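Model the full structure from these sequences, guided by the hints.
Protein sequences, first through last, are from chains A and B.
According to this note's numbering, the residues represented by the first sequence are 10 to 123, in order.
According to this note's numbering, the residues represented by the second sequence are 1050 to 1158, in order.
Bear in mind the hints are in silico, worked out from the structure with no lab data behind them.
The structure displayed is predicted, hence computed values, not measured ones.
One or more of the hints may lead you astray.
If you anchor each label on the Cβ, the simulated ranges turn out as follows [to be verified]:
id, chain 1, residue 1, chain 2, residue 2, range
1, B, 1124, A, 14, 20 to 28 Å
2, A, 53, B, 1094, 13 to 21 Å
3, B, 1059, A, 121, 18 to 26 Å
4, A, 31, B, 1088, 36 to 44 Å
Counterexamples of contact, computed for chain A against chain B with all Cβ distances above 12 Å [to be verified]:
id, residue
5, 20
6, 33
7, 64
8, 75
9, 122
No residue lacks a Cβ here, since even glycine has one placed at the ideal position from N, Cα and C.
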Amino acid sequence: DAGVIQSPRHEVTEMGQEVTLRCKPISGHDYLFWYRQTMMRGLELLIYFNNNVPIDDSGMPEDRFSAKMPNASFSTLKIQPSEPRDSAVYFCASSQTASGNTIYFGEGSWLTVV
Amino acid sequence: AQRVTQPEKLLSVFKGAPVELKCNYSYSGSPELFWYVQYSRQRLQLLLRHISRESIKGFTADLNKGETSFHLKKPFAQEEDSAMYYCALRGSTLGRLYFGRGTQLTVWP
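Here it is as C-alpha cells:
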C-alpha cells in the first residue's frame, strides 16, 4: 500500500480564500484522523472518523473549519475563509479498529495563509 | 482525563552519550503507549509501542504503571537520531491518540 496520501503537499493562499485539503487513507482502515501541527501548540487532533462517521470534532477550531468523509477512501478538510493563523502543517492519519493497531500518518499538507 | 506530558521541549546530547526522553501519562484505564518520531519536514513515524516490547534503532521504552511513565532510552545516541519525538497514548476504548507536546532531540557530533 502507498500509505496515507495527502494533497496538496504545499499550499500558499491569500487570506479569505477557501482551502481544501484532501486525504486518502490506507485501504481497509476504518479510522481517519485530521491533526494540525504548529510550533506554538504542537499536535492537535481536529476531528476523527470511524467508518466514515465523525466521532469527535471537538478539536475543530471554529466554524470556518469543516471536514467530510463521503466514502471509505476519501476525506476533505476545508477552511473557509482562511486566515493567517491557520498556517500550519495538517496531517491526516488512519488506522484499523481502535485497539492494538498503529496509526499511520500521511506526509502532511503545509499550508501558508498570507 | 487523558493526558501525556513530555517535560522537556528541547534536549541536547553529544554523540555516544546516553539519552532519555521523558514521558508521563494519566489515564484511568489500560493505556497503549507509543513513541513517534518526526525527522525534519517528514511525516510522523511509529518508533515503538509498549505492547511490542521491542527495540527499534537502539531505542527502548518500558511502561511503568506505578510511575505512569513511558520514558524512551538509548544507550549511545547517534547524530541521525536528531528529530522530534512524540509520546502518545491510546486508551483501550478510544480510537484517537493523545500526543504530548514533543521533545526536540539534538545529537551533537
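Comparing the hints with the structure gives:
no. : hint                           : verdict
1   : 1124(B) <-> 14(A): 20 to 28 Å  : violated (37 Å)
2   : 53(A) <-> 1094(B): 13 to 21 Å  : holds (19 Å)
3   : 1059(B) <-> 121(A): 18 to 26 Å : holds (25 Å)
4   : 31(A) <-> 1088(B): 36 to 44 Å  : violated (24 Å)
5   : 20                             : holds (15 Å)
6   : 33                             : holds (14 Å)
7   : 64                             : violated (6 Å)
8   : 75                             : holds (19 Å)
9   : 122                            : holds (19 Å)
Going down the numbered hints, you'll see the structure goes against 1, 4, 7, while the others check out.
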